[in-house]
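K.L.:
Chains as they are written, first to last, in my numbering: chain P, 1 to 202; chain W, 1 to 95.
Cβ-Cβ distance ranges computed for the label pairs, FRET-style:
#1 LEU110(P) / LEU40(W): 32 to 40 Å
#2 ILE93(W) / GLY156(P): 31 to 39 Å
#3 LEU106(P) / ASN13(W): 20 to 28 Å
#4 LEU112(P) / PRO10(W): 30 to 38 Å
#5 MET152(P) / ALA23(W): 23 to 31 Å
#6 TRP56(P) / VAL83(W): 20 to 28 Å
#7 SER53(P) / ILE26(W): 28 to 36 Å
#8 THR41(W) / ARG170(P): 47 to 55 Å
#9 LEU138(P) / ILE44(W): 22 to 30 Å
Counterexamples of contact, computed for chain W against chain P with all Cβ distances above 10 Å:
#10 HIS9
#11 PRO10
#12 PHE36
#13 PRO38
#14 THR41
#15 LYS65
No lab work stands behind these hints: they were computed from the structure. The beta carbon of each residue, even a glycine, is placed where N, CA and C say it ideally should be.
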Amino acid sequence: MSEAAAIDSAAEAAEAPLTPESWGKLGMWIFLAADAMSFGCLIVGYALLRHASEKWPPPAQTLGINLTAFMTLLLIISSVTMVLSLSAIQNGDLRRFKKFLLLTILGGLLFLGCQAYEWTHLITDRLPELGISFSTHLFATTFFVLTGFHGMHVTGGVLYNSCVLAACLRGRYGAKHVEIAGLYWHFVDLVWILIFTFVYLI
Amino acid sequence: MTTAQAHAHPQPNYMGVFWWLLALTIGEVAVAYAPFLPKLTMIILLVGMAFTKAALVALYFMHLKFERSTLTLVALTPLILCVFLSLMLLPDIHP
Chain P
1 MSEAAAIDSA AEAAEAPLTP ESWGKLGMWI FLAADAMSFG CLIVGYALLR
51 HASEKWPPPA QTLGINLTAF MTLLLIISSV TMVLSLSAIQ NGDLRRFKKF
101 LLLTILGGLL FLGCQAYEWT HLITDRLPEL GISFSTHLFA TTFFVLTGFH
151 GMHVTGGVLY NSCVLAACLR GRYGAKHVEI AGLYWHFVDL VWILIFTFVY
201 LI
Chain W
1 MTTAQAHAHP QPNYMGVFWW LLALTIGEVA VAYAPFLPKL TMIILLVGMA
51 FTKAALVALY FMHLKFERST LTLVALTPLI LCVFLSLMLL PDIHP
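Produce the entire structure from the sequences given, and follow the hints as far as they go.
P.N.:
So, in structure tokens, the structure goes:
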């Protein structure tokens, strides 16, 4: 065998460290660790700015906790449907896989709809009536940047899941790809759990 | 292309994990609405519940519990770095 061919076949056989069954899975985990740093820095920045301010509007009275609690449950339920869809495709049950992945996508869309409603209500009614605007208080900036950055991730996740669904139904993708998409979606849920606690409840 | 079989382990009880997540979410909202609670107690309870929920999602939904333990270290590194970041920035918050 020529040296080049030997190198090629050796490279193809190499297993990924930590997740030997899939290089993509390792790649996603490392990406998520980096993304967690982005969110972590935003949350830490928010916490320190709030700690350094004399007057900060109490979130419990300023923001709508009930709607947001419902949004939290939406994402948690969508994580459950995601993991059930992975389990289905691993067992070869394409009908069940499709049903649960569609439910996951729907959950994400409902979350975004609720967030759009929440933002509209805050921007047009609630914040002006409390005299809070981007130019007067850091509350507005930190809130919208943090929840907006997360909302962008949800949007990306909905698109990602839709692409994976289409490709799986066409037979081009399999359980491995669904697992990796699942990791991203659970991460989005996890970050929201933390944002819900630190921005809305504390 | 063969489906990569994940290393064999019994499937976690996903619905069980969901009920815990639901209970903890309700618990968090209850604590947030509780009228007479010292601020520090409230923060400790909320942060504790939030991290428990995050751990449940990571360990069971993301299958971290069934992966190699070094991957858990990869996943925990951002948390450690963010704690470090907060501590390093604390002296600067009052100009």
